[in-house]
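Chains G, P, F and L, in that order, are what the protein sequence lines are.
With the first sequence counted from 1, adding 1 to any position gets you this note's numbering.
With the second sequence counted from 1, adding 1 to any position gets you this note's numbering.
With the third sequence counted from 1, adding 1 to any position gets you this note's numbering.
With the fourth sequence counted from 1, adding 1 to any position gets you this note's numbering.
Among the hints, a few may not be true.
Copies of the same chain look alike in the list, so a pair counts if it fits in one copy or across any two.
Said to hold, decoys possible - Cross-link-like lysine to any residue pairs, in silico, SDA-like; alpha carbons within 25 Å at most:
#1 5 - 235
#2 91 - 122
#3 112 - 208
#4 129 - 44
#5 5 - 26
#6 129 - 48
#7 5 - 167
#8 91 - 53
The set of hints was computed from the structure by calculation and includes no laboratory data.
Listed below are the residues making up each chain.
Number of protein chains: 4
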Amino acid sequence: MKDKLRVVVWGENVHERENEVVAALYPRGMHEVIADGLREREAMEVSTATLQEPEHGLSVERLERTDVLTWWGHAAHGAVSDEIVDRVQKRVLEGMGLLVLHSGHYSKIFKRLMGTTCSLTWREAGEKERVWVCNPGHPIAAGIDRYFEVEQSEMYGEPFAIPAPEEQVFLSWYEGGEVFRSGCCWRRGNGKIFYFSPGHETYPIYYDESVRTVIANAVRWAKPEGRWIDSCPQVPADQAAERISVKGPRLHQEGEEGFR
Amino acid sequence: MKDKLRVVVWGENVHERENEVVAALYPRGMHEVIADGLREREAMEVSTATLQEPEHGLSVERLERTDVLTWWGHAAHGAVSDEIVDRVQKRVLEGMGLLVLHSGHYSKIFKRLMGTTCSLTWREAGEKERVWVCNPGHPIAAGIDRYFEVEQSEMYGEPFAIPAPEEQVFLSWYEGGEVFRSGCCWRRGNGKIFYFSPGHETYPIYYDESVRTVIANAVRWAKPEGRWIDSCPQVPADQAAERISVKGPRLHQEGEEGFR
Amino acid sequence: MKDKLRVVVWGENVHERENEVVAALYPRGMHEVIADGLREREAMEVSTATLQEPEHGLSVERLERTDVLTWWGHAAHGAVSDEIVDRVQKRVLEGMGLLVLHSGHYSKIFKRLMGTTCSLTWREAGEKERVWVCNPGHPIAAGIDRYFEVEQSEMYGEPFAIPAPEEQVFLSWYEGGEVFRSGCCWRRGNGKIFYFSPGHETYPIYYDESVRTVIANAVRWAKPEGRWIDSCPQVPADQAAERISVKGPRLHQEGEEGFR
Amino acid sequence: MKDKLRVVVWGENVHERENEVVAALYPRGMHEVIADGLREREAMEVSTATLQEPEHGLSVERLERTDVLTWWGHAAHGAVSDEIVDRVQKRVLEGMGLLVLHSGHYSKIFKRLMGTTCSLTWREAGEKERVWVCNPGHPIAAGIDRYFEVEQSEMYGEPFAIPAPEEQVFLSWYEGGEVFRSGCCWRRGNGKIFYFSPGHETYPIYYDESVRTVIANAVRWAKPEGRWIDSCPQVPADQAAERISVKGPRLHQEGEEGFR
Numbered sequence: 002m003k004d005k006l007r008v009v010v011w012g013e014n015v016h017e018r019e020n021e022v023v024a025a026l027y028p029r030g031m032h033e034v035i036a037d038g039l040r041e042r043e044a045m046e047v048s049t050a051t052l053q054e055p056e057h058g059l060s061v062e063r064l065e066r067t068d069v070l071t072w073w074g075h076a077a078h079g080a081v082s083d084e085i086v087d088r089v090q091k092r093v094l095e096g097m098g099l100l101v102l103h104s105g106h107y108s109k110i111f112k113r114l115m116g117t118t119c120s121l122t123w124r125e126a127g128e129k130e131r132v133w134v135c136n137p138g139h140p141i142a143a144g145i146d147r148y149f150e151v152e153q154s155e156m157y158g159e160p161f162a163i164p165a166p167e168e169q170v171f172l173s174w175y176e177g178g179e180v181f182r183s184g185c186c187w188r189r190g191n192g193k194i195f196y197f198s199p200g201h202e203t204y205p206i207y208y209d210e211s212v213r214t215v216i217a218n219a220v221r222w223a224k225p226e227g228r229w230i231d232s233c234p235q236v237p238a239d240q241a242a243e244r245i246s247v248k249g250p251r252l253h254q255e256g257e258e259g260f261r
Numbered sequence: 002m003k004d005k006l007r008v009v010v011w012g013e014n015v016h017e018r019e020n021e022v023v024a025a026l027y028p029r030g031m032h033e034v035i036a037d038g039l040r041e042r043e044a045m046e047v048s049t050a051t052l053q054e055p056e057h058g059l060s061v062e063r064l065e066r067t068d069v070l071t072w073w074g075h076a077a078h079g080a081v082s083d084e085i086v087d088r089v090q091k092r093v094l095e096g097m098g099l100l101v102l103h104s105g106h107y108s109k110i111f112k113r114l115m116g117t118t119c120s121l122t123w124r125e126a127g128e129k130e131r132v133w134v135c136n137p138g139h140p141i142a143a144g145i146d147r148y149f150e151v152e153q154s155e156m157y158g159e160p161f162a163i164p165a166p167e168e169q170v171f172l173s174w175y176e177g178g179e180v181f182r183s184g185c186c187w188r189r190g191n192g193k194i195f196y197f198s199p200g201h202e203t204y205p206i207y208y209d210e211s212v213r214t215v216i217a218n219a220v221r222w223a224k225p226e227g228r229w230i231d232s233c234p235q236v237p238a239d240q241a242a243e244r245i246s247v248k249g250p251r252l253h254q255e256g257e258e259g260f261r
Numbered sequence: 002m003k004d005k006l007r008v009v010v011w012g013e014n015v016h017e018r019e020n021e022v023v024a025a026l027y028p029r030g031m032h033e034v035i036a037d038g039l040r041e042r043e044a045m046e047v048s049t050a051t052l053q054e055p056e057h058g059l060s061v062e063r064l065e066r067t068d069v070l071t072w073w074g075h076a077a078h079g080a081v082s083d084e085i086v087d088r089v090q091k092r093v094l095e096g097m098g099l100l101v102l103h104s105g106h107y108s109k110i111f112k113r114l115m116g117t118t119c120s121l122t123w124r125e126a127g128e129k130e131r132v133w134v135c136n137p138g139h140p141i142a143a144g145i146d147r148y149f150e151v152e153q154s155e156m157y158g159e160p161f162a163i164p165a166p167e168e169q170v171f172l173s174w175y176e177g178g179e180v181f182r183s184g185c186c187w188r189r190g191n192g193k194i195f196y197f198s199p200g201h202e203t204y205p206i207y208y209d210e211s212v213r214t215v216i217a218n219a220v221r222w223a224k225p226e227g228r229w230i231d232s233c234p235q236v237p238a239d240q241a242a243e244r245i246s247v248k249g250p251r252l253h254q255e256g257e258e259g260f261r
Numbered sequence: 002m003k004d005k006l007r008v009v010v011w012g013e014n015v016h017e018r019e020n021e022v023v024a025a026l027y028p029r030g031m032h033e034v035i036a037d038g039l040r041e042r043e044a045m046e047v048s049t050a051t052l053q054e055p056e057h058g059l060s061v062e063r064l065e066r067t068d069v070l071t072w073w074g075h076a077a078h079g080a081v082s083d084e085i086v087d088r089v090q091k092r093v094l095e096g097m098g099l100l101v102l103h104s105g106h107y108s109k110i111f112k113r114l115m116g117t118t119c120s121l122t123w124r125e126a127g128e129k130e131r132v133w134v135c136n137p138g139h140p141i142a143a144g145i146d147r148y149f150e151v152e153q154s155e156m157y158g159e160p161f162a163i164p165a166p167e168e169q170v171f172l173s174w175y176e177g178g179e180v181f182r183s184g185c186c187w188r189r190g191n192g193k194i195f196y197f198s199p200g201h202e203t204y205p206i207y208y209d210e211s212v213r214t215v216i217a218n219a220v221r222w223a224k225p226e227g228r229w230i231d232s233c234p235q236v237p238a239d240q241a242a243e244r245i246s247v248k249g250p251r252l253h254q255e256g257e258e259g260f261r
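Could you put the whole structure together from the sequences, leaning on the hints where they help?
Structure representation (C-alpha cells):
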C-alpha cells in the first residue's frame, strides 16, 4: 500500500463556534484536537474537514485519497447533505475505514450503514465513566490497561439500537448506574467501522491520553485491506462459465444494465 | 399473541400489467399468487398491497396491524416513496418480520436495512437453479429435502454485496456455473429479515410447491416475538439509578429532547 | 410440536450439601428452586437432574425427550463425565435449547460449545449488581423494565472470553465498578444457547422474581424449532444431482463411510 | 511486530507414505508442497511439522514462536494427541492464526474451536470445482479473478455443520450439482481462523497457482494483531475500582484461585 495512512478528521464545528464553554475548551475546533492526537502518535497524514466547507470538505477526489475518516457531529446532523452521505457510504463499502465518535451515533452516515435507529439513553451530568476492555489482545485496546476513566462524561446508556457488534472492544460503567457498549466494530462491504462513545463537547475528553490512544489504534485497525467497487453486472449467456443456451422468455436484452 | 398471523404481500405490480409474458403467467399479479401460496398452507390472514395504491397500500394503521410483510419489486424501486420506506423500516425495527423476494434485493427498504449496495451478478437465460439446504433443521427449510430445483430461473450470482448473513439457509447452484447465497437471515432491531432469491417474473416460480413452502415457512419464522418502539430519552440526573449530582457545564436542559 | 415444553434443570448439587450457608439458602438444592421458578410461571414439564445420579441424570433417553436443559455447576466441573458432555453437545446441535447459568461459564459443556476459555474476572463481595436490558423487545427481556437489581451478587467482570454474542440481551453494572455481558445468545447447530450470569450460591438469587422471569423467558426462547441429526454422508457419483462419471484416482470406495 | 511472518505447515503425512497415488503426487509429503507455495510467494519463515514427530512437531516453544499454523489431516485425526490439541487451541485464542485445509474440517482442533460437528457431504469423483469469490475486495481473494477452477476435486457439499461464518470469502460450484461454503473466516479469542476446502490428496491441488495464492493470502490475513493470555482472576474487594466493603457470606478467600 502507501507509506503513510491518510486520515481525514471530520468535525461538525458548530458548538465550538456558538457555545462559550465548548469554544473555551476547543478554540480551534474539536477536529483539530482529535487530529493533533493522531499526529503525535504516528506518522499519519492527518487533515481535517468541516461541515461549513464546500461539499463539507469531502469532495470525491479527497475521499478517494482517504484511508480512514473519523466523524464527529451533534447539533447539525440534519445539515449534512444526503449526497455527501451517499459518497461517504460508497467509499466505506469500497474499503475506507470509518470511526464514528460520540454523538455521531445519530449521524446520517452511521444510521445509513447500520440500518437501525442507533438511539440510546443519555444524561449530561459530568459523571465519571469507566471504560473497560473486553478483549485485552484487540489492537484497538493496545496500550490500555484493564480500563481507563473519563472523569467527566456524558452518560450514554443501553439500550443502544445497533445491529449486534462483530467485536466488542469496550464496555462503559457510569457513576449514575448505567452501562453502555462504548467500543464496537462492524464491517460493511470492505470498510471497517468503529464506534467509540466518549467525547462530549463540554468536557476536555479529546485531550485525554487514553482516548487519544484508542482513536489512534482504531485508525490503524480500520485501514483498508482491499477494495471493491461493486456494480450489478449482467453476465451474458455466451460468457457463462458453463455452456448454456438461453431458454424461455426474457425481460432484458444482452448487455443491458437492468433496473435499479 | 394473536391467533392468526397477519401477513401483507406487497407487489410492485408493474410487469404484470405492462409485459405480455408476465401478464400471461400472473394475470392477477404476482402478489396474488404469492398470497395464494400462503393461504393454502396455513390459517394466516393474508392480504395484498401494491405500489399503485394510495401510500402504496401501506398506511400507518395497516402496517401497525401487520405481523409479516413480503416485498417483491423490480422495475420501479425508485417509485417507492421514501416516506413509506421510513415507515416500513420503523415497523421492522419495532418487530415486524420482512421477507425480501428476488429482485427486491435492490429495493430501497432492503438496502436501507442492510446498509450495503446489495448488488449481485445476473443472467436471464432460463437456466436450471438448484437450491441447497445448508441447515436441514432450520424452520425455513422444513419440508424441503436436501435440495429443490427451479427448472427455469434467472441466475443471481456472487458477489452478493450484503453484510454477513446471521444464518445461511440456502445456497444455489446454477446450470451456467455460478453460485449464490439464495436464502439469508438477519435481525435488525426486533425484526427478522429473510432474503430469498428465486422468483423471476418471466417464469412461473411462485406456483412452485417448494418455493411456496419456503415462503410460508419464512413467514412463520419471521413473526414478531417482541416489540420495542425506541426513542433517545434523556434520563435526568435526579432519576439516575445511583445518586449523583450534576457536575460541570452542560449543553442541554433537564427534560430536553436532544439533537437529532 | 408438543403441548408442554419439557425442561430439565441440571444442578451440580455440591455446595448445597457441603456448605452451611448454601444449604441454609437452598435446603432442597439450587436446582429445585430454579425448577420451582419455572413451574410457577408456565405449564412446563419441569424435572431436575444432578451430578450424583447415574449418568448425571442425563441418559440418552431422557435427553432425547428434553426440549431445554439448564446447567448450573461450580465446584465440580471436572467431575462431569466427558461422555455426558458429548451427549449434551450432540443434543444441542440437534436442536435442544441450553441455558448456562452463572459459574456454568466454566463448565465443560459451555467451553465445548463456545470453543474459547470462557474466563472472566470475579469478586465475591456481596455487592449490588444492576442488570440492564439492551433490547426491550427481546423475548428474554419480556416483563423486565429498563433494569433490575440483585442486591447481593458475585461480581463477574470483563474481559469475558467468549465468541461475539449473536444477541446481547443484558449487560451488568457493579457497585465495585465493573461491567459484564451478563445475558448473551448464540446458536450452535440447531440449538439455541443463552448464558445468564446472576446466580451465586451464597445469595438467594434464584428466589428473585426478575431472575426467575428471565430464566422462564429464556427457556421459552430456547425451545427447539427444528431438528437435524447430522452425519457426513458420501453421495455416490451415480446419485449426483447432475450426471457425472468418476474421473481420476480415488481413496474411497462407493458407499464407504470416510475417515473420522 | 517481527520482520518475517513465522509459519508452520502441519501435515498428517499418512497417505503420502501409504498410498501410491498420493506418494506419486507428493513424494516429499503434501506439507512440503504447501510450504513451497508459501515460500515462493513471500519472505515468510516457513517450516513444516508432521504427526510422526515427537509432540507432532508442535512443542510449546515452537508454537510460542509461530504466527500462523496451517493444518491438513484426514486419515489420522484420532491419532492427534488431545494435549497437542489443547496447546494449539490455547495459542489460537492467544492470537496465533490458523488455516484449516480440506479434510481438516474433521480435525480435533477445528471441531474444538467451532463447537459443532463440522460434518458435510462428499464424493470422490474427480469432478470440476469452480471456486467463486464472494467479496472481491477481501485480502484473502487478492489476485483471484471472479473465480478459479480446480479441474479435479473431491466434492464437499452442504450442509456444512459450522457456526455462521463471520466472513464468506469463497463459495464452490461442483460439476455434480452441489455447492459449498469453501472459504470461511472466524475469530476465536484473538486468533483468526480460515477454512479452505480445496485440497484432496489424490489430485495435484496444492501445486495449483490459484490455490497457492489463496493460502498465502490467508496466512497474511491470519497474522496475529495482538495477544492475550487469559486467566480467570479474582479481583479482591480492596482493589475494586470503586470503594466497596465485603457484605454477606463467602465461599472463597481473598487471593484464592476459584474452581475450574
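Against the structure, the hints come out as follows:
1. 5 - 235: neither (38 Å within a copy, 42 Å between copies)
2. 91 - 122: This pair counts as between: shortest inter-copy Cα distance 18 Å, intra-copy 30 Å.
3. 112 - 208: neither (27 Å within a copy, 38 Å between copies)
4. 129 - 44: neither (32 Å within a copy, 46 Å between copies)
5. 5 - 26: Neither, since 30 Å and 45 Å both go past 25 Å.
6. 129 - 48: Neither: 31 Å inside a chain and 46 Å across chains, both beyond 25 Å.
7. 5 - 167: neither (27 Å within a copy, 29 Å between copies)
8. 91 - 53: Classified as within: same-chain Cα gap 22 Å, cross-chain 31 Å, threshold 25 Å.
Comparing the model with each earlier hint shows violations of hints 1, 3, 4, 5, 6, 7; every other hint is respected.
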